[in-house]
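Asks: One letter stands for each residue in the lines below.
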Amino acid sequence: MFERKLLRNLDLRILVLALLFTLVGVAVINSATATFPGGSTPYVHRQLLASVIGVVVMVVFAVIDYSDFQRWAKLFYVGHLILLAAVLLVGTETRGATRWLQVGILPIPQPSELAKISLIIALAAFLSQREKTQWDWFDITKGFLYIIPSVVLVLLQPDLGTSIIFFALAVGMMYVAGVGGGRLLALGALGFGALSAALYAHLNMGLKIPLHEHQVQRLTSFLQPDVDPLGTGYQLIQSVIAIGSGRLWGKGLFAGTQNLLRFIPDKHTDFIYSVVGEELGFVGASLLVIVFVFFMWMCLSIAMRARDRYGALLVIGVVSMWASTFFINAGMTVGIMPVTGLPLPFISYGGSALITNFAALGLVLNVGMRRQKILF
Amino acid sequence: MRDLHEIYEDPGFINRKLQKTKWYLLLVFLLLILRLGQLQLAMGAYYEGLADGNRVRLVNVNALRGQIFDREGRVIATNRPAFSVSFVYMDPEQANQSIALLAEILDMEAEVIHARIQSHWNRLYQPVTIVRDVGPQIHSRLEEQRAELPGVIVEALPVRDYPYGSAAAHILGYVHQISERQLMSPAFFGYKGDSTVGQDGIESIYEHYLAGTDGGKQVEVDVRGRYRQTLGHIPSSPGYDLQLTLDMDFQVEVERMLSGHIEYLRTRETDPLPTVRAGSVVVLDVNDGSVLALANYPSYDPNEFASGISDQRLAELNAKRAFVNRSIAGTYAPGSIFKMVTALAALQEGKTTIHERIEDKGQHWLVPSLHCWRAGGHGMVDLERSLVVSCNVYYYEMGRRLGLDAIAHYGAQLGLAGKTGIDLPGEASGLLPTNEWKEQAFAQGIVAEREVLLAEHMLAGMGQGFSAFTPLQMAVYTATIANGGTLYQPYLLQRIVDGQELMEPREPEVLAQLEVEPEFLEVVQRGMLGVTMPGGTSSSTFAATPFDVAGKTGTAENPHGAAHAWFVGYAPYDEPSIAVAVLVEQGRSGGGAAAPLARDIMEWYFQQR
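In order, the protein sequence lines correspond to chains B and X. Heads up: the first sequence begins at 1 in the working numbering, then just goes up one per residue. Heads up: the second sequence begins at 1 in the working numbering, then just goes up one per residue.
Okay, chain B solo, but in the shape it has when bound:
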């Protein structure tokens, strides 16, 4: 089943880059958690352990021929919906949101993370059924209807961030599958307009919307952090101060005052980019962005050489997921995106997300190894 010669096609560059991101993440986590009551060691150990598990999972996802995933797509689709529903029914609650499943003493990785991979695998199969290159509105509607159950289930947790990622990866995949950019842009503008109008009406006219009060605050406070300087606005102000104070070269690892004084909330998870910005400066923070874009660029190059439509769609799904997560997370820490609670891919502390990202990387490598033999 697995031919050794496939290894010749293995794109080592992106694997090395992914491991590099993980190591940078571990270094920053080490610094960010240094002042925690138990010290940074447990965090570093757990992150390293998760990356080892991640690499194993990645190998699994790379070795199985991805056309098998295509055949199992329905299974992935139904499976992830069941898992997401199970979280709502029997999940454990942390900080007001139900995101974990527990079996005995073993917590299963966050189902919403597993759901991202499953949705990419399933949606790619769904979209590759339609060979047309011109999509009408009916096709677009069907594409979005396909992801709506997943979006609703994660919104109920409530996990606004993941539902946005679901939309982002669907948009990226549908764009490549054939939907015109203009139409997607129009849809995006419409969605953004509707959300803004709903938030405006909620805040000014008391319209009922299916969001929790803290989500509304998070979504709006980045526009005017002064409005809520005691709550979410405070996190944003502190994050911006931390990044800004890093200046060109940064204060160096373990030397960020904002970091060490614990001014930054959730700084090893959601706000890790603030620590990067403070301690590694403009050079480090923008280099990270540039290398990450380069990394995604290479993944897209793999997609362009994919042997079939399904493979290309898998890769664009993964890249859309990474791009949107990275941009929303980093954008949040510099105050240009709302606070939604998403981790920085490969960098933030958190095993579920790290393992998921390695699994996604496995899919990309998979497509890359089995690229088309005839070159045009």
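Derived by calculation from the structure, the hints in this document are not laboratory data. The structure displayed is predicted, hence computed values, not measured ones. Heads up, the beta-carbon is just placed ideally off N, CA and C, and yes, glycines get one too. The reader is advised that the hints may include incorrect statements.
As the list claims (entries may be wrong) - Here are the simulated lysine-lysine pairs, DSS-like style, with alpha carbons at most 30 Å apart: (1) B:K74 x X:K361; (2) X:K192 x B:K142; (3) X:K17 x B:K142.
To be verified - Now the in silico label distances, taken between C-beta atoms and shown as ranges: (4) B:L7 x X:K20: 27 to 33 Å; (5) B:L10 x X:H233: 40 to 46 Å; (6) B:L287 x X:H233: 36 to 42 Å; (7) X:A441 x B:P42: 40 to 46 Å; (8) B:T35 x X:A319: 43 to 49 Å; (9) B:L287 x X:A42: 14 to 20 Å; (10) X:G165 x B:A255: 54 to 60 Å; (11) B:S196 x X:E144: 43 to 49 Å; (12) B:W137 x X:D498: 52 to 58 Å; (13) B:V291 x X:H208: 48 to 54 Å; (14) X:I138 x B:V291: 55 to 61 Å; (15) X:A42 x B:W137: 52 to 58 Å; (16) B:T35 x X:K320: 47 to 53 Å.
Stated by the list, open to error - Residues of chain X placed beyond 12 Å of chain B at every Cβ, according to the derived structure: (17) Q19; (18) L39; (19) Q40; (20) I138; (21) G418; (22) Y573.
Since the structure of chain B is already known, use the hints to place chain X on it.
Replies: Just chain X, lined up with the frame of chain B:
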């Protein structure tokens, strides 16, 4: 294979799209880098100034809690300037040094202070209140040793003040630091761990009017924690003031009379009643249901809570059950003061007439164990006389003729079928028994049999058996008889005051209208008048009262001790304005222990008002 074939027809399509995607990615992430450049390069020095060596700190600006006035505008709850001590954690060394000295000055355990700070771990580097309302000596010591106390802040933080001391304590409630449970509940969304919130009474039920909205200041401080400048400021908005229906002078007087009377009963020369320890008085305006006075004995002083109370003192007050608002939370068998309900029910249901006379030989002919309170009985008794002399046999008979459900039907119209809905927390609903209630009680194992026994119907007719009500319910019921049958919801909040603006006063709320012929109600009112007239059960008590009083005495059997003493009444008889309910726990006799207090209260009120 068909798939592959079709795709190969236009292999360039997907690649063109992927190539475009690459450029879009580059464009979007360029935005991020531009923003980084703006923050770190263009404005870097500014942010460095904020972060490095300087600190940004959040300071909560507490909203001033609304005041509470009585119906005449007298201030009964306000805020008094005071100093509180807060602490800002900076590093372990600073904390250990400061806290050791602080504990010594405040005479507290260092561990307690550490624990308080630990509990605010998520808001580190923000001031945590350690003690409120410190005295001038402590304040000056803290000022003197300021240099050795880095992180210790003395803030002007007003504390709640009740100028009338313990008066109306059960009505006003008190304020105290928010509890863990409250902090978790959605009703207190946005409150902080060291917030002070209303914990009982008006302070609690109108918390969201009184609290106002806290503001905040974002201030820049230097490395030593000294104020440099304010970066952002949200002003706090003070809470609304409340005006209550209470007449505070009257309230104070009623409380004084209640405690004096109980003390007198305990210690009087002839026939002292040492088991008398508690009592309750409710005075309502019969024409709108507003509460003029509501008093309980024993009580407590809410000022003790404003600046913290010791556990020992708390236990002592708890042992006396001083926090129980007996007027609304204590339920007692009504005994004879319930007889008007039965009388009205029997007349309206046609079970008797105004003129029917029943012979009372001292016990009921069907159930001889049911006695009249007077040995030998009252002889031939009609309805009016049955109230005047409080004949039990008459009401056993009416109970037998009516049954629980018919009595309860009229009880409900008089406000006895559940909570009155007064704007105070912790009201008890009382118990107006019905056949259905007994069935449920049987299902829950509270009573031994499903059916209502004959004797139970009969006992219900005279307010014994299962029946139990709060003093407030008894006052509401008396007021309804007094005003001709309109059941008003009792209330305390007259109006909300927004700064200088008086908002519309509250409209009295009519809960029900008594469906009884006016002549029947009149006969019952005449019977109540007869109670205070020569020949009535409390004629001697009211002999010298300069106005006519309609009333009813009650002596309710109490399985836990001596009988409870009741009196309900209203005055003046011709044009009623107030209704009074008096309960003296274990007072043995309504006429002896409760009626004199009701008389004193009524006389004071009509003399002064």
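Asks: Would you mind marking each hint as holding or not holding in the structure?
Replies: Comparing the hints with the structure gives:
1. Restraint check: the Cα-Cα separation between K74 of chain B and K361 of chain X comes to about 90 Å, which exceeds 30 Å; the hinted pair is violated.
2. Of the supplied pair hints, the one linking K192 of chain X and K142 of chain B is violated, its CA atoms being roughly 47 Å apart against a limit of 30 Å.
3. About 21 Å separates the Cα atoms of K17 of chain X and K142 of chain B, which keeps this hinted pair within 30 Å; it holds.
4. Judged by the Cβ atoms, the range 27 to 33 Å given for L7 of chain B and K20 of chain X holds: they are separated by roughly 31 Å.
5. At about 59 Å, the beta-carbon gap between L10 of chain B and H233 of chain X misses the expected band of 40 to 46 Å.
6. In this structure the hint that L287 of chain B and H233 of chain X lie 36 to 42 Å apart at CB holds, the actual value being about 38 Å.
7. Restraint check, A441 of chain X to P42 of chain B: a C-beta distance of roughly 57 Å breaks the suggested window 40 to 46 Å.
8. Judged by the Cβ atoms, the range 43 to 49 Å given for T35 of chain B and A319 of chain X holds: they are separated by roughly 47 Å.
9. For L287 of chain B paired with A42 of chain X, a C-beta distance near 19 Å keeps the hint of 14 to 20 Å intact.
10. The beta-carbon spacing between G165 of chain X and A255 of chain B, approximately 58 Å, falls within the hinted interval of 54 to 60 Å.
11. Distance hint for S196 of chain B and E144 of chain X: a CB-CB separation of about 57 Å, inconsistent with the stated range 43 to 49 Å.
12. In this structure the supplied range 52 to 58 Å holds for W137 of chain B paired with D498 of chain X, their Cβ-Cβ distance being about 53 Å.
13. For the hinted restraint 48 to 54 Å between V291 of chain B and H208 of chain X, the CB-CB distance of approximately 52 Å keeps it satisfied.
14. Taking the beta carbon of each, I138 of chain X and V291 of chain B are about 59 Å apart, inside 55 to 61 Å as hinted.
15. Remark: the range hint 52 to 58 Å for A42 of chain X to W137 of chain B is contradicted by a beta-carbon distance near 44 Å.
16. A hinted range of 47 to 53 Å for the beta carbons of T35 of chain B and K320 of chain X is consistent with their spacing of about 50 Å.
17. In this structure Q19 of chain X is not separated from chain B by more than 12 Å, as the shortest Cβ-Cβ distance comes to only about 7 Å.
18. Consistency note on L39 of chain X: stated as away from chain B, yet its beta-carbon is not over 12 Å from all of that chain's, at 4 Å minimum.
19. Chain B draws Q40 of chain X into its interface by the beta-carbon criterion, the shortest separation being 4 Å against a cut-off of 12 Å.
20. Non-interface status of I138 of chain X relative to chain B is upheld: no Cβ of that chain comes within 12 Å, the nearest being about 29 Å off.
21. Against chain B, the non-interface label of G418 of chain X holds: every CB pair exceeds 12 Å, the least being about 32 Å.
22. At the 12 Å boundary, the C-beta of Y573 of chain X stays outside the reach of chain B, the nearest C-beta of that chain being 52 Å off.
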